[in-house]
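Since each chain comes alone in its own frame, lean on the hints to assemble the complex.
As a plain string of letters, each chain reads:
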Amino acid sequence: MTSPGRIMLGDTVAKSRYHVTRESLVRYAGASGDFNSIHYRDDVADAVGLPGVLAHGMLTLGLATQCVVDWLGDPARITGYRARFTKPVIVAPDEGAVVEVVAKAAQVDEAAGTARIDLTVTFDGHAVLGKSQVWISLR
Amino acid sequence: MAVNPAIEGRVYPPTEPYLVGREKIREFARAVFATNPTSFDVDSARAAGHTDLVAPPTFPVIVQERALAQLVADPTSGIEPVNLVHSTEHATSVRPVIAGDELSAVLTVTNVTSRGPHTLLVADIEILDATGDHVSTMTSTLFVRGEE
Chain A
1 MTSPGRIMLG DTVAKSRYHV TRESLVRYAG ASGDFNSIHY RDDVADAVGL PGVLAHGMLT
61 LGLATQCVVD WLGDPARITG YRARFTKPVI VAPDEGAVVE VVAKAAQVDE AAGTARIDLT
121 VTFDGHAVLG KSQVWISLR
Chain B
1 MAVNPAIEGR VYPPTEPYLV GREKIREFAR AVFATNPTSF DVDSARAAGH TDLVAPPTFP
61 VIVQERALAQ LVADPTSGIE PVNLVHSTEH ATSVRPVIAG DELSAVLTVT NVTSRGPHTL
121 LVADIEILDA TGDHVSTMTS TLFVRGEE
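In order, the protein sequence lines correspond to chains A and B.
If you use the UniProt record's numbering, the first sequence closes out at 139, no skipped numbers anywhere.
If you use the UniProt record's numbering, the second sequence closes out at 148, no skipped numbers anywhere.
Extracted from the complex, chain B is given alone in its bound form (with noise of 0.2 Å):
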């Protein structure tokens, strides 16, 4: 099966919303092994003058999880994912995520470009708040092993 280059273009739907839990943001922290206390301990991070406990940067990683997993589940984009493989990662973000957040991100495929048998594709990844403002934005690009 070969990447459909149709879908170069393609918008996605929001995903469902992700409640951004405080021991969720303690157990990502432990995972990427994080020290800093405003991560992990509600009053360092009023002391820094955020709300609640503000997440990694790599954080946003697991809604773009849910993003790519509609891309690969769209039976017309041609993708399996053992041909998978993460090339490149580009974030840039509006502001950090706060515990309590709710975030969706909604995925554009916004390049498909043939390499032989294989193929490369960009996605932007724009993560929303529950007020569909603006937190962050994160391109990846993905290599698609094709049939040699």
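Chain A on its own, in the form it takes in the complex (with noise of 0.2 Å):
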């Protein structure tokens, strides 16, 4: 791992590996106040047509940008952050899901003190983050 201070263009700078179950579901319902019952009930998540019950995107973009936070020390650091909800994390209900994130630098600019950070997020073997960014600051 690279440190904060001395970013390589293409260094992998974190990486992560998270196991989301549906308790941790249940939870970042209730913290972040989406209650939509997809995230938790395999009735509803089948009867509109779902492989299951799937975790929130912003769960998956919220613990892939915690990733480069927990690298960082601080949130103050992130100044932006984007990213496409390209495949569901389907979350079984005994053994939950493996999610991977892998944060490489993408971009350095050590005059204007920035960076961005791709991320690669995995479940299954596939990425379910298309374009995923961070932007940070350097200082």
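Hints were generated in silico from the structure; no laboratory data involved.
Note that the Cβ used here is the ideal one computed from N, Cα and C, for glycine as well.
Any given hint could turn out to be false.
Subject to a maximum C-alpha distance of 20 Å in a straight line, what follows is the list of computed SDA-like cross-link-like pairs (lysine to any residue) [to be verified]:
(1) A:Lys-131 with B:Thr-141
(2) A:Lys-87 with B:His-90
(3) A:Lys-131 with B:Thr-137
(4) A:Lys-87 with B:His-118
(5) A:Lys-15 with B:Arg-30
(6) A:Lys-87 with B:Ser-44
(7) A:Lys-131 with B:Phe-143
(8) A:Lys-87 with B:Arg-145
(9) B:Lys-24 with A:Phe-35
Output of the computed footprint for chain B on chain A, the stretches with three or more beta carbons under 8 Å from beta carbons of chain B [said to hold, decoys possible]:
(10) 28–41
(11) 54–61
(12) 64–71
(13) 80–89
Here is the structure:
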């Protein structure tokens, strides 16, 4: 891993593995106020044609962003983020789901003191977020 | 019911002020698997130069939810919550959210585009503090399923 002070283009700056369970989804529903029942009821997920209960997109983006926060040590260093929700994270009632995040430096502007970190977020071997980027302050 | 194209350009009134509490920051931080001490421990946050706990970057989604609820509750919008799929999210922040902030959100529908029977809707959500200063802007693209 690279220290936040010296980032080289293309460096993997952080990576993390998150075990998301049904408990995580209920916890996130309460914390965020998003109580859409497709995130905790199998019958509702099935009725709308989903392959199972899925994680909130903003939970996946939230933990992916958190991978960068934990590397930097402070959320105040994050100045922006973006993602496209391309594939659902299906959370099995017993085993949950494992989401893996790899963060790489894609742009570094030493003069401006900013960098763009690109995230690869995968579940079950597939990317679940598209064009997932985080902008950070280097100081 | 189809999405009403006339909502493009509509600006909704600011949401009721949301007071950001320390326990809410801790609760949200745990929910996104945060481990950074500045979101949990006041002394660590102060040592890092903040007045109080610092919220995770996606924390303003709580206020965004309230703004989107206005849009869905608007009887003229034609949006059924069950047909909503979150497509993209983009956020830029002027400053982080700190415990003690009072946040409100102003939602503007910036684009409504038909995709066959479906609709793609773009909403800009400006997050403001109690003094009316800009904290962050969130842009949500929502895919609204229509009748096939």
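Mind taking a look at whether chain B covers the region 54–61 of chain A? Criterion is 3 or more residues with CB to CB distance under 8 Å. holds (count 4)
Against the 20 Å threshold, does the CA-CA distance of Lys-87 of chain A and Arg-145 of chain B hold or violate the hint? The hint holds at about 17 Å.
Does the alpha-carbon distance linking Lys-131 of chain A and Thr-141 of chain B stay inside the 20 Å limit? 14 Å, holds
Would the hint linking Lys-131 of chain A and Thr-137 of chain B be met if the CA-CA limit is 20 Å? Cα-Cα ~19 Å, so holds.
For Lys-131 of chain A and Phe-143 of chain B, compute the direct alpha-carbon distance and say whether it is at most 20 Å. The hint holds at about 18 Å.
Satisfaction of hint between Arg-30 of chain B and Lys-15 of chain A, Cα-Cα up to 20 Å: Roughly 18 Å between the alpha carbons, so the hint for Lys-15 of chain A and Arg-30 of chain B holds.
Taking only the CA atoms, is the gap from Lys-87 of chain A to His-118 of chain B under or equal to 20 Å? With a Cα-Cα distance of about 19 Å, the restraint between Lys-87 of chain A and His-118 of chain B holds, given a limit of 20 Å.
Chain B over the region 80–89 of chain A, status - at least 3 residues with CB closer than 8 Å: holds (count 6)
If you look at each residue in the region 64–71 of chain A, do at least three have a Cβ nearer than 8 Å to any Cβ of chain B? holds (count 4)
If you count the residues of the region 28–41 of chain A with a beta-carbon closer than 8 Å to a beta-carbon of chain B, do you get 3 or more? Our answer is that it holds, as 7 residues pass the Cβ test (under 8 Å) against chain B, meeting three.
Taking 20 Å as the top limit, are the C-alpha atoms of Lys-87 of chain A and His-90 of chain B close enough? 17 Å, holds
Quick one, are Lys-24 of chain B and Phe-35 of chain A close enough, alpha carbons at most 20 Å? 17 Å, holds
When held up to the earlier numbered hints, the structure conflicts with hint 6 and nothing else.
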